[in-house]
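Q: Quick mapping for you: the protein sequence lines, in order, are chains A and B. Number 298 marks the last residue of the first sequence (the numbering used here); no jumps. Number 626 marks the last residue of the second sequence (the numbering used here); no jumps.
Don't take each hint at face value.
Stated by the list, open to error - Label-pair distances were calculated between CB atoms; the ranges are:
1) LYS99/A to PRO544/B: 28 to 34 Å
2) GLY87/A to ASN594/B: 57 to 63 Å
3) LYS171/A to LYS493/B: 40 to 46 Å
4) GLY87/A to GLY427/B: 54 to 60 Å
5) SER235/A to SER312/B: 56 to 62 Å
Hints are computed from structural coordinates only; laboratory data are not their basis. Glycine residues also receive a C-beta, built at the ideal position from the N, C-alpha and C atoms.
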Amino acid sequence: MQYLTSEEIRALERKANSIRQSIIEMLTEAGSGHTAGPLGMADVFTLLYFGIMKHDPENPDWEERDRLILSNGHICPVLYATLAHAGYFPLEELLTLRKLGSRLQGHPHRGSLPGVETSSGPLGSGISQAVGMALAERIDNPYSSKFFYCLTGDGELNEGQIWEALMLAGKEKLNNLVVIVDRNGIQIDGYTKDVMPLEPLTEKFESFGFDVQEVDGHNIRALNDAIGKAQSVYSQPSVIIAHTIASKGVDVFERDFRWHGNPPGKGPEDRVEKSKQAEVALQKLRSLAGTIRPLDID
Amino acid sequence: MFASHLQPQLSNGSVERVPTRFGYGEGLLEAGKRDERVVALCCDLTESTRTHLFAQAFPNRFVQVGIAEQNMASVASGMAAMGKIPFMASYAMFSPGRNWEQIRTTIAYNNSNVKIVGAHAGVSVGPDGATHQAIEDMAIMRVIPNMVVLAPADVHEARKATLAAAKFDGPVYFRLGRSETPVVTTPESPFEIGKAQLLYTRDKTHERKVGIVVTGSLLYNALMAAESLQKEGIGTSVLHMATIKPLDNAALQAFAAEHGALVTVEEHSIIGGLGSAVAECLAECCPTKIARVGVNDRFGESGEPDELISFFGLDVPAIVAAAKRVVL
Numbered sequence: 001m002q003y004l005t006s007e008e009i010r011a012l013e014r015k016a017n018s019i020r021q022s023i024i025e026m027l028t029e030a031g032s033g034h035t036a037g038p039l040g041m042a043d044v045f046t047l048l049y050f051g052i053m054k055h056d057p058e059n060p061d062w063e064e065r066d067r068l069i070l071s072n073g074h075i076c077p078v079l080y081a082t083l084a085h086a087g088y089f090p091l092e093e094l095l096t097l098r099k100l101g102s103r104l105q106g107h108p109h110r111g112s113l114p115g116v117e118t119s120s121g122p123l124g125s126g127i128s129q130a131v132g133m134a135l136a137e138r139i140d141n142p143y144s145s146k147f148f149y150c151l152t153g154d155g156e157l158n159e160g161q162i163w164e165a166l167m168l169a170g171k172e173k174l175n176n177l178v179v180i181v182d183r184n185g186i187q188i189d190g191y192t193k194d195v196m197p198l199e200p201l202t203e204k205f206e207s208f209g210f211d212v213q214e215v216d217g218h219n220i221r222a223l224n225d226a227i228g229k230a231q232s233v234y235s236q237p238s239v240i241i242a243h244t245i246a247s248k249g250v251d252v253f254e255r256d257f258r259w260h261g262n263p264p265g266k267g268p269e270d271r272v273e274k275s276k277q278a279e280v281a282l283q284k285l286r287s288l289a290g291t292i293r294p295l296d297i298d
Numbered sequence: 299m300f301a302s303h304l305q306p307q308l309s310n311g312s313v314e315r316v317p318t319r320f321g322y323g324e325g326l327l328e329a330g331k332r333d334e335r336v337v338a339l340c341c342d343l344t345e346s347t348r349t350h351l352f353a354q355a356f357p358n359r360f361v362q363v364g365i366a367e368q369n370m371a372s373v374a375s376g377m378a379a380m381g382k383i384p385f386m387a388s389y390a391m392f393s394p395g396r397n398w399e400q401i402r403t404t405i406a407y408n409n410s411n412v413k414i415v416g417a418h419a420g421v422s423v424g425p426d427g428a429t430h431q432a433i434e435d436m437a438i439m440r441v442i443p444n445m446v447v448l449a450p451a452d453v454h455e456a457r458k459a460t461l462a463a464a465k466f467d468g469p470v471y472f473r474l475g476r477s478e479t480p481v482v483t484t485p486e487s488p489f490e491i492g493k494a495q496l497l498y499t500r501d502k503t504h505e506r507k508v509g510i511v512v513t514g515s516l517l518y519n520a521l522m523a524a525e526s527l528q529k530e531g532i533g534t535s536v537l538h539m540a541t542i543k544p545l546d547n548a549a550l551q552a553f554a555a556e557h558g559a560l561v562t563v564e565e566h567s568i569i570g571g572l573g574s575a576v577a578e579c580l581a582e583c584c585p586t587k588i589a590r591v592g593v594n595d596r597f598g599e600s601g602e603p604d605e606l607i608s609f610f611g612l613d614v615p616a617i618v619a620a621a622k623r624v625v626l
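If we strip away everything but chain B, and leave its shape as in the complex, we get (with noise of 0.2 Å):
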């Protein structure tokens, strides 16, 4: 059953589809008026980060930096430690995949109070193929301390994650899609940094059940999967964790003993990244078997998203089989 505050037609399969930058571009403009502290940063791509919203509005309070993603982190520390809320955006695979350790010691060793936000994250960036698909980003930035990690699952909660962003003292990146998103949440919908949201319940009646764990763009896949698990008699739940780090311990840990075996569901390596972080916490408290659906540790190429989406095994029968192979 779907948590009561997501889109009502979801149940009818319905869907509308909007990039989950538009939810930054309006959450940042939207942050930018609450708090004249805010300040965007961009790498010769402002319109497509949607960073552009936010530069028409504050031209005072936006700096071009050029095509220099280095640079970009280590000016935002340098405009943090002036107390500025800096928000630096250009795409994954360059930020934070070019600017690793500008990151680590500029902003997190300093604890500086930076944004840092990729675009473009994932293989559905599409035909624009390996070099500009970004499914790394989660696992260098998940290692770093101080860092918070969040994949927003839709346009709202990509909103919403930037203003809470904003809000959270202390270094924080998220990752964002290009192309169009399924739009699962409300604006009513609940988000908060570092709490998992449980968005579809078993139907305990089922005598078989699994449970599935999913992070970003590919919620509406897993909520999907759930639907067509139980037609087959397969109780599902699923635990949406748009925080990746720090991770909701004790909502995985009581899902895992609720479910007894998880399915792990991301656009991102199988390597590091929501999948790695849930078998981090669960081995050590409570061993639960796990199946990781994202990419198998290879790189992306060129298509069209949807394409892609099913190509590297990230679509609906995708989750479903990996559900089947764990199910108890």
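Just chain A, with the same shape it has in the complex (with noise of 0.2 Å):
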């Protein structure tokens, strides 16, 4: 496991929050799409990209990169802005998301854009593709340091096929797969508890014979140290459940699950009318970066 010192957690959380600042410019600017997922994965996939994975954005075919695959696809505002922000593609091109033409796609397109690893938005089909990347890994290289990370929602877990990917997973006994679970409470019909319960979470994750850890996903050295627990486990495959705010960092849009499919500009306008959400959003973030310090314990 790699160590963060406090600065280096200081930057990664200024990151975080130029990340969301993209997020929120490059929404706005599409007229559609996805707020609080993005909003609320943005310290994970920053801690993922530039504390974590093996990766060039030189050169995003290297074949010994690690693997993130993104199932909940309809988040992928936050992976685009940090492959721009890693250096995938030039910061502008954020701005064509959704629009005709665009290597941006509405839901991510394997293929259109380097970094994107594989075409989701139809919910649970991403545990499968890492298994599959995982599985055809260990036939090549049985003692590969590569990993792969899946990225899933909390309300994706409602479907079947998680399910039977979490089977073959712990029947093969995948160490090289750590699944990052945004467990933000939310889905667009409402809280995961009214529309589909999904608790008690760790323990059937546990029963599929995955090490399951909780951690709040917005706690850079907490997720850094969880991660690299999941990449000690020896012989099973890894599930983090990452608590996390949906909207996080724009206190006036969190945890409201109407935020989950609106663009600033045509969010819920009983906290911050439409023809203001950007801004008011834009200037929350950045007093927020104001606001980033040395942590206590160093």
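Could you fit the two chains together into a complex? Lean on the hints.
A: Next up, the structure:
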């Protein structure tokens, strides 16, 4: 496991904040798309691409890279923004999101944009693909140090295919597979506990043969520790349940499932009127960036 | 007149019968020996789909997915993303029947190099009945962009289709049958993805003429119907389209122009399969009278394979009767 200094954590937090600002800008320009999930997962994406994964933006097809498989494709604004900040393509291109001729399709398309490992949108198929990749890697190189990170939503766990994939991963003891669940508790129709209760989720994953950790999905140090531990699990696949806050970083949007599928300018109006939503969100994020200070523990 | 490379005893009506899925088993093993990137997946139907030959030879390159066709499709996509050439087999009713969206998004939209093998296609599955008789598989695969669709006619073609699919870079679907299918072609018969084969040439001394376009397991019936029609003084040719997509438009248009009227023959719904593909092609370039022989927009039912082929109007007399309806 790689230790992160407080300075490094602060830099990652600043990066996540920049990525969130990009998400607001691109969604506002697009006029459609999902806000809550991308903002909520910005810390996880930032840590993976800037602190954990082996990858090379100059050589996106580098064979030795770790793979990130985004199963809940609708949160792709955070993937695109992270890839652009990492140098896969110019930041300006983010503003083409969802427009005709853009490489940034409304849901990810492999082959359109460098760094996108698979097409996704219809929910439930990402873990299966990550399992396939992990199995293929084991055939070629049983001692490989490549990791396959699959990011899923929590509402997505309603899909039956998820549990088919978990069964196979458990059977094959794929210790190169790390599933990260965005546990924000919301889905389109409401709270996950009302639409389709998932708990006891940890026990469900454990009973499928997974090593399970629960972690604050906005605490970079805790996330880094959890991923490091997941990498060291010897004979099991891992799942990290990342407890996140939907729309994290913009307090007036936070925890509200009505922000699931709306961009700034088209969200609920009871706290911020539509015409000011983008501006307010960017101001909140900028002022938050100014508060990022070294951690006490150093 | 039969094409010279077909089984020589066809002209006296004698024929050997072997299930097409046996050709898949042999072809897959051969493909696995030729290319170590080839891997196989199966959903608890390993022996029935003949995947067991590969699994025994290459246990490390075989994935037993369990009864989970949706998972199998996306696992195969993931393996292809890492450079493998996955062959995923189940019954056509379950794959592509159950997992169409996973095939569309994670295989076809990704343009993954995955080969989808649907065994037990058609009504000749027999006593298991309608739940297990896939007569829609070619329609639902043909409509997906990037997808190649094949229907091999017999055990030799099934073997060649498997080897050709392994060499082809991109998603391929092919269907296989459960029951014993007449062996019409030989190991020497040509097979190429995207190429139709003229397997029976009409007697040009007959004034009246008709063309039969056939795919898959009913090739033998089409050939026997041609023999029968010729004896009745109707010059008949048979064009075998083992590739439903991409359709060999040039061969089809020339065949239509030559014969003026066509019969399409397939062990599939008359909606969405070969008959539709032929009609779509010809309606745009050279409208041609067509009679479609296939399952007439209804579900299958239990029975012995030969009984069902007759019951659903897919036998030699049914093809002959359809030809007479359109003959010029």
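Q: Now tell me, hint by hint, if it's right for this structure.
A: Hints versus structure:
1. LYS99/A to PRO544/B: 28 to 34 Å: This hint holds: roughly 31 Å between Cβ atoms.
2. GLY87/A to ASN594/B: 57 to 63 Å: holds (59 Å)
3. LYS171/A to LYS493/B: 40 to 46 Å: holds (42 Å)
4. GLY87/A to GLY427/B: 54 to 60 Å: At 58 Å between Cβs, range holds.
5. SER235/A to SER312/B: 56 to 62 Å: Roughly 59 Å apart at Cβ, these two residues keep to the hinted range, so it holds.
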